[in-house]
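A.B. asks: In the order they appear, the protein sequences are chains S and Z.
Heads up, the first sequence is in my numbering, so the first residue is 24 and it goes up one at a time.
Heads up, the second sequence is in my numbering, so the first residue is 10 and it goes up one at a time.
Just so you know, nobody snuck in bad clues.
If you want a taste of the chain S side facing chain Z, the calculated C-beta under 7 Å gives, among others: (1) Gly334; (2) Gly342; (3) Leu349; (4) Ala356; (5) Asp399; (6) Glu617.
Output of the computed footprint for chain S on chain Z, the stretches with three or more beta carbons under 8 Å from beta carbons of chain S: (7) 23 to 32; (8) 108 to 119.
Hints in this document: simulated from the structure, not taken from any laboratory.
This structure is a prediction, so every number in the text was calculated from the model and none was measured.
The beta carbon of each residue, even a glycine, is placed where N, CA and C say it ideally should be.
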Amino acid sequence: MSPELGQFSLILALLLAFVQFTLPIYGAWRGNATLIGLARPVVAGQAVFVVLAFALLTYAFVTQDFSVVYVAQNSNLSLPWYYRFPAVWGAHEGSLLLWILILNVWTVAVATFSRRLPDALMARVLGVLGFISFGFLLFTIATSNPFLRHLPALADGNDLNPILQDPGLIMHPPMLYTGYVGFSVAFAFAIAALLGGELDIAWERWARPWTNEAWAFLTLGISLGSWWAYYVLGWGGWWFWDPVENASFMPWLVGTALIHSQAVTEKRGSFRAWTLLLSIFAFSLSLLGTFLVRSGVLTSVHAFASDPKRGTFILMFLGVVVGGSLIIYALRAPKVAGGKAFKFISRETLLLINNLLFACAAAMVLLGTLYPLIGDALGVGRISVGPPYFGFMFVLLMLPAICLIPLGPFFRWAMADWRATFRALRPALIVAIVAAIAAKLMTHDLPLRGVAGVAASLWVGLGIILYALNRWRTAPRGRRFTPEMLGMILAHFGVSIFLAGVLITEATSIERDLRAAPNEVVEIGGLGFRFQGVQRTQGPNYIADEGTIDVLEGDTVLTTMHPQKRAYSSGSAPQTISAIRPGLFSDLYVALGEPLDNGAWSVRIYVKPFVRWIWLGGLCMMFGGFIAASDRRFRVLPARADERAVVPATSVPQAAT
Amino acid sequence: MTRLIPLLIFIALVALLAFGINWNKHHEMFEVPSPLIDKPAPEFTLPLLYEPEKTLARKDLLGQPYILNVFGSWCPTCQDEHPILTRAVKPLGIKLIGLDWRDDPADGKRWLAQFGNPYDAVLTDPDGHAGIDFGVYMAPESFLIDAQGVVRYKRIGMFTPELIASELMPQLKTLGQPVTTK
Numbered sequence: 024m025s026p027e028l029g030q031f032s033l034i035l036a037l038l039l040a041f042v043q044f045t046l047p048i049y050g051a052w053r054g055n056a057t058l059i060g061l062a063r064p065v066v067a068g069q070a071v072f073v074v075l076a077f078a079l080l081t082y083a084f085v086t087q088d089f090s091v092v093y094v095a096q097n098s099n100l101s102l103p104w105y106y107r108f109p110a111v112w113g114a115h116e117g118s119l120l121l122w123i124l125i126l127n128v129w130t131v132a133v134a135t136f137s138r139r140l141p142d143a144l145m146a147r148v149l150g151v152l153g154f155i156s157f158g159f160l161l162f163t164i165a166t167s168n169p170f171l172r173h174l175p176a177l178a179d180g181n182d183l184n185p186i187l188q189d190p191g192l193i194m195h196p197p198m199l200y201t202g203y204v205g206f207s208v209a210f211a212f213a214i215a216a217l218l219g220g221e222l223d224i225a226w227e228r229w230a231r232p233w234t235n236e237a238w239a240f241l242t243l244g245i246s247l248g249s250w251w252a253y254y255v256l257g258w259g260g261w262w263f264w265d266p267v268e269n270a271s272f273m274p275w276l277v278g279t280a281l282i283h284s285q286a287v288t289e290k291r292g293s294f295r296a297w298t299l300l301l302s303i304f305a306f307s308l309s310l311l312g313t314f315l316v317r318s319g320v321l322t323s324v325h326a327f328a329s330d331p332k333r334g335t336f337i338l339m340f341l342g343v344v345v346g347g348s349l350i351i352y353a354l355r356a357p358k359v360a361g362g363k364a365f366k367f368i369s370r371e372t373l374l375l376i377n378n379l380l381f382a383c384a385a386a387m388v389l390l391g392t393l394y395p396l397i398g399d400a401l402g403v404g405r406i407s408v409g410p411p412y413f414g415f416m417f418v419l420l421m422l423p424a425i426c427l428i429p430l431g432p433f434f435r436w437a438m439a440d441w442r443a444t445f446r447a448l449r450p451a452l453i454v455a456i457v458a459a460i461a462a463k464l465m466t467h468d469l470p471l472r473g474v475a476g477v478a479a480s481l482w483v484g485l486g487i488i489l490y491a492l493n494r495w496r497t498a499p500r501g502r503r504f505t506p507e508m509l510g511m512i513l514a515h516f517g518v519s520i521f522l523a524g525v526l527i528t529e530a531t532s533i534e535r536d537l538r539a540a541p542n543e544v545v546e547i548g549g550l551g552f553r554f555q556g557v558q559r560t561q562g563p564n565y566i567a568d569e570g571t572i573d574v575l576e577g578d579t580v581l582t583t584m585h586p587q588k589r590a591y592s593s594g595s596a597p598q599t600i601s602a603i604r605p606g607l608f609s610d611l612y613v614a615l616g617e618p619l620d621n622g623a624w625s626v627r628i629y630v631k632p633f634v635r636w637i638w639l640g641g642l643c644m645m646f647g648g649f650i651a652a653s654d655r656r657f658r659v660l661p662a663r664a665d666e667r668a669v670v671p672a673t674s675v676p677q678a679a680t
Numbered sequence: 010m011t012r013l014i015p016l017l018i019f020i021a022l023v024a025l026l027a028f029g030i031n032w033n034k035h036h037e038m039f040e041v042p043s044p045l046i047d048k049p050a051p052e053f054t055l056p057l058l059y060e061p062e063k064t065l066a067r068k069d070l071l072g073q074p075y076i077l078n079v080f081g082s083w084c085p086t087c088q089d090e091h092p093i094l095t096r097a098v099k100p101l102g103i104k105l106i107g108l109d110w111r112d113d114p115a116d117g118k119r120w121l122a123q124f125g126n127p128y129d130a131v132l133t134d135p136d137g138h139a140g141i142d143f144g145v146y147m148a149p150e151s152f153l154i155d156a157q158g159v160v161r162y163k164r165i166g167m168f169t170p171e172l173i174a175s176e177l178m179p180q181l182k183t184l185g186q187p188v189t190t191k
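Here chain Z stands alone, though its shape is the one from the complex (with noise of 0.2 Å):
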């Protein structure tokens, strides 16, 4: 009998496995289902980048659907999706709000007027503080909030065209958002 115990261990971590196989398959190996979906926002007040004597807060975003966008000067994926947000986000009519998150200031300024900023406003996190509300574990990170300042959607790794198209859209289309096209 003990000399079975390998072999049950071991069909133990191939069904494990076979189970990560699956999983993979139906689910796109960034999600990692976030408990903020169709929950309020979590509360935030934050510095606004170009003026960090004003702040902007949850409550002065409602009324209006947006997209808010974590993104970092220090993060290489961030730059891959810079292009895309301001080619195939921005053009979608939706309100486009930037995180700065774990940044330096400076280095985001520098990074924006770089590359060009495509948000509505910029908003600063360098402690990371309200990341950590949000659970951002890494850049860039999406998420979609509506006008009752509930979140309906999350996006954790860059906005592909693709994805814009399959999941996006969709999502703003319940909204009711007018989605203009091009």
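Isolated chain S (complex conformation) (with noise of 0.2 Å):
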């Protein structure tokens, strides 16, 4: 019966999305209150069913109702109690379900934490929301429903695809799927003031905290994503560019010159249609990636089951949703650049630069990705460009941002003085050249890439550690770190701690593939690892070969490993599970490859320096845009005239994005 229920709730929801963003809309347009104050109370009836329809899926999986298709193909009996809830959104179906549901939650908060704007502009900004909530699931339910029965029910489920069992996966897609349908908020912000003709930007000012915190989801989403498939796909990679790794990143890249370009626009008036634009793309990137995922137009390791119907339908939603707002733009967009008239040297300037290589760097992922089909339609083939391509690319279009990035915060809005950045700076710059050149005297061998490393590191860090010295000296008491400056500063030094990580781990890790006979010990990078064989273990479905690997420091055991390989009960392909040992400064990492004679395995050993610091760099730019995110000065808005008195601290003229 309860499955039933979940469909109907789909479907109730589906009528309320329609009211959402039809009768809202055509009020604000009309001007007729009561259309207008129906959209919060339609909202809060459609999560309601949204809720309703979730739990209800969930409930089937918990209770391993096998009469529900998407049930019984995702889990089975020996499935454990813990991965039956994510295994709700382990394949297209409930995936779907997820992304409606975070679509509904973000439209709650919007709609809960927005009564200080005006009615019509928050009508229009739920009537959009409402929209792409209607699109998502009127495909849900004409092309995959997760409550399609089947009569008489199964004895036992086939399994939840093995690679998914890990505690990394169960918040991975979640925190992802935050992120980038977080966008929709500035998307709908800016479809809202182009309809409504409102390009004043006072709901800018509100639209930002929204977009910082969506940015930060999909960091941590995205790091969550690298850190998985560096422990669970056992080759010790972290990033692959792989089609649905870069349908994540895009919206990233772009959503990363939405929140330069936002400050710009909230504080000086600036870009403002740079940052309608951006609004826009941030989300249609996210829809596109779903497009990508879910049609399988593109091959790649974790696309989802395809289906012509569904890559149809999704296209010509994508269609409508990104085509219409483009056309709205090109009627609408404001005519002449209002803002604050700035010079060549300036933080403007360097912000305008921001957005053009972030944006690139997108469009470039774009192409890269879409490089197969592009073969196809000219008739050469389908051809991939793998890593070279990309690595090469991006590298070209990042370095001039990461030298540019402590010159940011320096430069002053409208007119900066770049003697004293200059000298300001010149401390960060003189130990970045020296702690370069003594890192290549003193290590014979570090590649180039590894000095880039050590040098981009500590430009970027040492630069922005002294401007928030600076800040402090020259900032009143009281005001010198606003949680807006201090997320920041955060992220800026996480760019520095990421650059550390990935240039080093790539420049100086060490990677064998050796036979390992039993007692035997082999020597890597300065320690010992004796093999000690395998052992069978029963696992709660599976079965595994476990290795026991002593590491040796001189003769004292540092630490013992057990990396495994799953055979899972129902029969899949195995998991190799690799033993890791982390540290701050360097990670040793174990995987068993195969048994060979006499009790002698096949075994893989890394030693991976500094690999730690891409997901810390990761954390870092995540906590800045919460903490920015969290700054009172966005809330207090938009002030009417009798509250404009009492808000004097709205305008910081040093803060920075």
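Fit chain to chain and form the complex, with the hints in mind.
C.D. replies: Spelled out as structure tokens, the structure:
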């Protein structure tokens, strides 16, 4: 019975979504207060039914109702209870429902925390969000119903893809979706502003924290995905330029440009067209990512099962949403460049370069991702560009951005003094260059990438620290580090940590594939690895070959590692579970290969210096985003005339992005 | 006019994606047209897995059609395909030649010992040179080569019983290969 209730809930949510995007927008157009007032209750109603549907699907998984096809396909009797929850979003239908659930959470949050904004604007914003929800609900009901029954019920289900049976994967999709669905808020505000012709920038300040939060969630989601790939896929890599990874990375790149562009628009009134377009593009790329992952147009390790009907539907929806937005933009975008004037040497110029570089990087990733398709269309055959293309182009585009980061906060709006900036940053520049030379001389075989990593990381990191010190000395007490300022500093410091991680890991990792006989000691990177053989162990729904490897430093055992090779009872391909000894400065990574003769195994041993810093940097950026979003300044608006006197702290000339 | 540029780029993108969907409807996901179809198979002379001192060359196999199946002990999909080769391809009566590709011959032997050996002969190509000549970029892959040494059909990815019925059997019939059915 309950699966049918789930389906009814989805249909009711669909009908409410229809009401949400028609009547309030019409009301806002006609100035009808009753219809405008409909927006919030309808939002609440839709959310209730979406939550109900999601809860019923979860219930079907927890109680193992194998009469539901989707449950039978993605779980089985031996699946431990704690994996039955992530199993809900383990495949196409359920993850789509998660997408809709998260969209509804964002919509309810916007409706709740925006009581101070004009009602007509809010009716349009909620209407736009309602349209997106409507499209996805229709898609779910028409092509991907998660509540489809199989009667009579099956005795047992298939299995949740073993690669997904991992703690990292429980949080990865929700965080990722929260991130890129969150860009729908900035999108809805941009469209609402264009529709209503309210291109004054009062709403822009209010939209900023939402974008920062979405961006922070997306940063966390991508970092989690990268960390998961590192320890689950068994290759020790952390980024593969796979189409699905690219699908989440493109909105991140445009989102990064957007949060900077929004800051300019809010504080200086400039870059309005940029901000509007980037708002549209960040969310459009999220939708495009959904299309790429679910249409089967591109081959990928983690694409969902494809169906041309689904691809056609999302493409049509994409065409309506993005095409419609761009038509509205073409018709109503601001005709004159507004905002305050700025000189060439100014923070605005730096942020303009930032916008350009990040937009180009996103376009570059899009082009590389679609390359196989372009090849087909031009009749030259399906060709793929791999990491060589992406790695080269991305470094090329990001290099100037990295060099300019420390200048950003020092440069003032409108007109900057580059001599003073140079004097202030000189220590960072000298230390970075000296350290790079020292690193080159002290370690004989450090490749250029490692040297560049040391220099870039110190330049960005020290540059930001110098700015923080400068701010401490010059800003008045109590106003030194607003959350917005602190978030900016932390996020950019995260970039420095990330750079150190990437470049040093790539330059100095040791990777060995070897044959390990029992009790043989192999020396790698100054440590001894003693293979103690392999034993059978039993997990809740798998049998594993578990290796034991002692890591020796001299004669003392530093640690003992247990890599596994698991065979799941559902009979799918065996999974390699690597053993990792994490360290702030170096990871040891051991994976079992294949059994050889006489109890020997092929074993893969990696030593990865600084690899943690990649995700540590990601975490810093994420916290930066959240802290900046928490600034109270964003919430004390839009000030009505009677309130303006009470909030003098709203203009912070020094505050950066 | 400049404000129309994003829209125009987007329209081009949608056209490309629509093409992609359409292309997918008419093509199998893994079907990359091989330039080798209806061309003579590349020359090869490769050592046998079980008798490494002996080699088998393309010309030794002329006179009788055969399937060349590329596999490796490192390849999980090959493991999935293995019972299908044993149960559904081998009974067809066509000669089945294995190519242990980019694999340590010792691993290849252990793998065949563990799962059984469906092949009439197994060649080794540890460095993947022959694989390059055949345009192999993933495993498993299979080539149907006729008595004159011409490639008639190629399959990237594993065989399934459905594919054997819908694609392999008709190809075998055109070769005049007597198809034995159980």
